[in-house]
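Chains as they are written, first to last, in the working numbering: chain A, 1 to 268; chain B, 1001 to 1178.
It is worth saying that the hints were derived from the structure and are not from the lab. Keep in mind that this is a model prediction, so the values were computed, not measured. Ideal Cβ positions, reconstructed from N, Cα and C, are used throughout, including at glycine. Some hints here could point you the wrong way.
To be verified - Covered stretches of chain B (chain A as the covering partner; in silico rule of three or more C-beta atoms under 8 angstroms from a C-beta of chain A):
hint, stretch
1, 1012-1018
2, 1043-1051
3, 1163-1173
To be verified - Sample of chain A residues lacking proximity to chain B, with all beta carbon distances greater than 10 angstroms (derived):
hint, residue
4, P10
5, G11
6, D18
7, L49
8, T126
9, D173
10, S202
11, A236
12, P251
13, A264
Stated by the list, open to error - Where chain A lies over chain B, by a calculated footprint (3+ residues, C-beta under 8 angstroms):
hint, stretch
14, 1023-1030
15, 1057-1063
16, 1115-1121
17, 1154-1160
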Amino acid sequence: MTQGIGHLDPGTLNAFIDGELPAGELQEAQRHLNGCHSCALRVLSATQLKAATAHAGHRFSPTAETLARLTAQLHSRSETQKTARSYSIGSMSIGRMSIGPMAWAALAAAVLLVVSFLGWRQIHQTNTLAAELVDQHLATLASGATPQVISTDRHTVKPWFQGRLPFSFNLPDAVALPPDTSLRGADLTYFNGEPAALLLFSIHKHQVSVFLTQRVNDPILTALPSTHEGFTIESATTRELCILAVSDVNPADLDLLVASLVRAQSNS
Amino acid sequence: MPSTATQSASFEELALPLLVSLYNHAFWLARNRAEAEDIVQETLSKALRAFDSFQASTNFKAWIFCILRNTFLTSRTGIAASRTVFLEDYASAFEIVAADPSPEEIVIRLDDQETLQAALDQLQPLLREALLLCDVEEIKYKDIAAILGVPIGTVMSRISRARHALRQHLILQHGKSQ
């Protein structure tokens, strides 16, 4: 906690001004500061710098128009979500009521509305995720976009993710890949708010992005459209993983690559 | 599920007071007005979709800042930035430890906002990000660690080095102005 002739070390000083010292260390630091003019000056100086940084850091304010747009977006999306919930709650509570014959038509209409809305919402969500996939694939195609790990060797690419992802996966050996298909490298990325392994392959002269994420009980991920903006999207799941591939290559070739990745997961 | 307190509060009620902070932080990350707005919009969209999974015991501000950071990392600017490796994170063996400030350093002038802004601009992005989350957003070390996806010791080290670098820059500028 202290350095040299017993003064507060920089780590303790920072934790002190940030209010992060545990109770015991805080009391000890306060006792020291009561009798050490030098450290008291350091704390004062550090506190002033912290306050000045806080002031200078509030530098970029949204314009009135930007703030209005963001507020409107927040309000409209929240309202949409609330509407979806109220429809769901309404449809559940109906089951507990005594329903007369006259109510059946209204019930049918409500159920139809809920089903339609949920269907629309699923389509909307899947389109958003498909757009996110394609956006990330396009980013890998940009000139100068170099993968974080560049290797055709699965024994180099797979270990690179150790400690970077909360899950592991297998990669097929080069001979187990479909013809004229090769691994180029990999990136760590985020998809649908989750960490993901982005594997970069080439099939003939086409680039392929494969996203591996932990499998969650989210049917949206496996219900993505098969194409988006001209790109083919293939998805598959294993016991642990969700595999999503996007490319402009022939769909049959993309399917073969995904199948080889699925097989590799069972070869642990 | 959101906590009892937050269940009663809607997503909108929790997120609305943070719009300005989210935008400010997004701007510091992207350094572009249009991109900052896009990042905040995308963050709100993702956070609302995931709000049901928001953990009761966690901090909403830290949670949504984490989403903001992930959204930035998958933006074009973020992907480009992530390819830059800052050696300081791997330099513990030869790292310059923030030493005691001298009497001269203690009296550095902090009323010169322009110089302080320039010093913040020149900080390495990883150091600046940790410092802004701590000093501007007043987020606790453990939550900053969760947002940045690094151990708490790394957060403390980055904040310490950021302050040391700021101080050095200010001293240098103060010396030049005399």
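Here is what the structure says about each hint:
1. Under a criterion of three residues with beta carbons nearer than 8 angstroms to beta carbons of chain A, the stated coverage of the stretch 1012-1018 of chain B is upheld, 3 such residues being counted.
2. Beta-carbon proximity to chain A at under 8 angstroms applies to 7 residues in the stretch 1043-1051 of chain B; the threshold of 3 is reached and the given coverage holds.
3. Here's how the stretch 1163-1173 of chain B fares: 4 of its residues keep a CB closer than 8 angstroms to some CB of chain A, so the rule of at least three is met and the hint holds.
4. A beta-carbon of chain B comes within 10 angstroms of the beta-carbon of A:P10; the shortest separation is about 4 angstroms.
5. The non-interface label for A:G11 is inconsistent with chain B: the shortest C-beta to C-beta separation is roughly 6 angstroms, within 10 angstroms.
6. With a least CB separation of 6 angstroms from chain B, A:D18 falls inside the 10 angstroms interface cut-off, contrary to its annotation.
7. Some Cβ of chain B comes within 10 angstroms of the Cβ of A:L49; the nearest lies about 6 angstroms off, and the non-interface call is violated.
8. Its beta-carbon lying about 12 angstroms from the closest one in chain B, A:T126 satisfies the requirement of being farther than 10 angstroms from that chain.
9. At roughly 28 angstroms from the closest C-beta of chain B, the C-beta of A:D173 stays outside 10 angstroms, upholding its exclusion from the interface.
10. Distance check for A:S202 against chain B: the nearest CB is about 19 angstroms away, which clears 10 angstroms, and the non-interface claim stands.
11. Separation of A:A236 from chain B is adequate, the least Cβ-Cβ distance of about 22 angstroms exceeding the 10 angstroms criterion.
12. The Cβ of A:P251 sits about 25 angstroms from the closest Cβ of chain B, beyond the 10 angstroms cut-off, so the non-interface label holds.
13. Non-interface call for A:A264 relative to chain B: holds, since the shortest CB-CB distance, roughly 26 angstroms, exceeds 10 angstroms.
14. For the stretch 1023-1030 of chain B, the assignment as covered by chain A holds, since 4 residues bring a beta-carbon within under 8 angstroms of that chain's beta-carbons and 3 suffice.
15. Only when three residues or more bring their CB closer than 8 angstroms to a CB of chain A does the claim for the stretch 1057-1063 of chain B stand; here the count is 0, and the claim is violated.
16. Check on the stretch 1115-1121 of chain B: 3 of its residues sit with their Cβ under 8 angstroms from a Cβ of chain A, so the three-residue criterion for coverage holds.
17. For the stretch 1154-1160 of chain B, the assignment as covered by chain A holds, since 3 residues bring a beta-carbon within under 8 angstroms of that chain's beta-carbons and 3 suffice.
When each numbered hint is compared with the structure, violations occur for hints 4, 5, 6, 7, 15.
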